[in-house]
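So the chains spell out like this:
There are 2 protein chains.
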Amino acid sequence: MLSFQPTPPLDTVPAPPLHFADRTHQMVPSETRALFSMAAREDVVSLAGGMPSPEALPAQALREVLQEVFEAEGASALQYGSAQGDPVLREQICQVMAAEGIGATPDEVLVTVGSQQALDLVTRVFVNPGDTVVTEGPTYVTALSTFAAHQARVVEVAMDRDGVVPQALADTFALLAAEGRPATFFYTVPTFHNPTGRVLGADRRAEVLEICRRAGVLLVEDNPYGLLHFGERPHRALCADAPDGVVYLGSFSKTLAPGLRVGWVRAPRAVTAKLVLAAESAMLSHSKLAQRAVSRFLDTRSWQGHLDVARSLYRGRRDAMLEELAATMPDGVSWTVPAGGFFVWLTLPAGLDARAMMPRAVDGGVAYVPGTGFHTRGGGRNVRLSYSYPTAGQVREGVRRLSDVIRDEAAGGRTSRLREAVAR
Amino acid sequence: MLSFQPTPPLDTVPAPPLHFADRTHQMVPSETRALFSMAAREDVVSLAGGMPSPEALPAQALREVLQEVFEAEGASALQYGSAQGDPVLREQICQVMAAEGIGATPDEVLVTVGSQQALDLVTRVFVNPGDTVVTEGPTYVTALSTFAAHQARVVEVAMDRDGVVPQALADTFALLAAEGRPATFFYTVPTFHNPTGRVLGADRRAEVLEICRRAGVLLVEDNPYGLLHFGERPHRALCADAPDGVVYLGSFSKTLAPGLRVGWVRAPRAVTAKLVLAAESAMLSHSKLAQRAVSRFLDTRSWQGHLDVARSLYRGRRDAMLEELAATMPDGVSWTVPAGGFFVWLTLPAGLDARAMMPRAVDGGVAYVPGTGFHTRGGGRNVRLSYSYPTAGQVREGVRRLSDVIRDEAAGGRTSRLREAVAR
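Those protein sequence lines, which keep their order, are chains A and Z. Taking full-length UniProt numbering, I'd label the letters of the first sequence as residues 1 to 424. Taking full-length UniProt numbering, I'd label the letters of the second sequence as residues 1 to 424.
Don't read these hints as lab results, they were simulated from the structure. Computed from a predicted structure; not experimentally measured. All C-beta atoms in this analysis are idealised placements derived from N, C-alpha and C, irrespective of residue type, glycine included. A couple of the hints might just be wrong.
[What the hints assert, rightly or not] On the chain Z side, residues computed to face chain A include the following (Cβ under 8 Å):
hint	residue
1	P16
2	T24
3	L57
4	G74
5	G81
6	V125
7	K274
[What the hints assert, rightly or not] Derived list of chain A stretches under chain Z, where covered just means 3 residues or more per stretch with a C-beta under 8 Å from a C-beta of chain Z:
hint	stretch
8	18-27
9	75-81
10	257-267
Please model the entire structure based on the sequences and the hints provided.
What follows is the structure, encoded as structure tokens:
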């Protein structure tokens, strides 16, 4: 038996010099994240975050489901799971993907810590330092952090109202190939895009797949919002029509609960095999309890009914935002009209800068994310507005305040104070 | 609104050629993991896995705690959390570490998906491809996977019964520095080491810290088993005496439940800041629900009482294993005597090879992990035995079977069959 012999404290041990890896120098705090703490002030209506609404999370059902998992499985639900993820859940994920036209098998699926980890693992498995990743411009902010952490070069391709512009994508691939630095993959959020809310048009989907195929570039389709449509079902997933050329990222974070951290990646089998190994060295395995809870929810509760509740709630908030934008925004401001998802992308009048305007906005009681966060460069005239978390009333109040802020900023005025905004 | 226009299926889209990143070629299936599925056969007593005992997991308490979290926090427990982890839990983790002499503050702590993710993030933040990581030989098998995934070169340092040999460590550092490829960090499991069960001696702790300090090498202390001691408390953590030179990895996987995936890393503030950024790009944030559950357990249940139950249970199984080893093993077999943790490290008689013996062992109704899995090379005469998961009775039966297998293997015989082992 050991006896307890405390090690004598060393005399003032100086810290060793810290030699971070090269990639670590590219890890810098995201401006967007810093803004979220600013937006957390109680007197500020935040249109910044992309969190789901608490009312859209089936808290009571998940609470009961967790009890049922313990009832049925006992301590086994608290053990290590397999690196690839719960086999039953992987089958159910295939059924979830089938709603978007994807025909997948459980052995192609890896369960991940949200789709963020899926993207990190895909990047880890494919990207050498200096490799090029092509994205839409703008693109999801934390995807940019992931690519930076893996020392990827990011090249953006222009979007219009129907999503990424196919000719621009083809030109970019050709230019990169001519440079001798061909794209490693094209990362896209084709449906209810973050941050613009746009949808890649039906005809364009076939075009984009064909362009990637001809260029021999893998397509990474990130689709956390596809099931949150406000009207008819959106177009089939890109993965549905080119399973061998597409790595698909899915998530229950927007539809069920971010706090369970259950997402997934579906990839061609040879890719999935590598992703499983990468996941094992990255975390051994995902939470078995969280996976069993999602699995049981899908098995015993009404997934469609739950989605209908969420869609209806977000549609109401989107409507509130669009109505208030139309009613209050000054001339020269334009915005997208999302048919699903969480976001509206707003363009300020020429001469205004969304980042420079932030202090005035917070002073005026409203927060948003400046467009620069979603670009490697540019985006200064853009603002991402989210209607997912605040109530419809808060959404309207936030938009009214923002309209005042923009008017004031355009006038170059210095008079907008929170107290006036509240008093009016 | 979108209309649903299915994309026409493309004609036979061929798969793009897969160009994996360089690091991906180093991701190969671990022999150890493959063995676990072999060991899952019902007629085999597995001494292979390192899972905690179901009886040592406070399933009922965690079930109740989860209900209380929902009761107190509602849907908020299902939201995204901060990238660094729940602030209350980070304070409690500091109290847990205090039991091993560590004085840490919550801002130094990052909550991770088990300590496996902590190790992955530490490696990501410090290791460039080709950099050298120094480990004990043998060392934790999935640490080797993590280092391989980051293209690290691993150099092992010999251990004896008191843990890593200080002179060998100093010589290794000197040699690496002379080569112009100094060690990036020294990874060690100083207390109830995986796979040997050994403890780094009290005097050696100060020596090892001093050697690292002089060489300017960061020390990464992995300590998942420290609180599972069978006698008096083990020595102070290395981190306790050199907080500026040590990155400390902790975990609730062995003490509370692996299925919640809650571990942590404590590092000097400048390192933690980078680790938080790495974690954010790797997974956004950990499960808030899992973190709140652990936090509430620590707050409202008897942590010490729970640890006492677990210690007593594992002590009983260790005793069973040691008694049966002493009673049945043939001459020429030796083993370690762990004072805590999950593992016994056995050395076969000269001429025997643990990996080559595996088919005979499974045939004989017992599974273990061959020592080669814990080394970059060598270890062929060693076997890791775990007593954490099987009951004391199963431990005894497994050891008896293993003794027969070793006898048989040493005799070069071909007669050992499962039915005979069962019949005797």
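Results of checking the hints against the structure:
1. P16: 5 Å, holds
2. T24: It holds, given that the least Cβ distance between T24/Z and chain A is near 5 Å, below 8 Å.
3. L57: 5 Å, holds
4. G74: Constraint on G74/Z satisfied, holds at 6 Å.
5. G81: 7 Å, holds
6. V125: With Cβ-Cβ at 5 Å, under 8 Å, it holds.
7. K274: 5 Å, holds
8. 18-27: Holds: 8 residues of the stretch 18-27 of chain A have a Cβ under 8 Å from chain Z.
9. 75-81: holds (count 7)
10. 257-267: holds (count 5)
Of the numbered hints given earlier, the model fails none.
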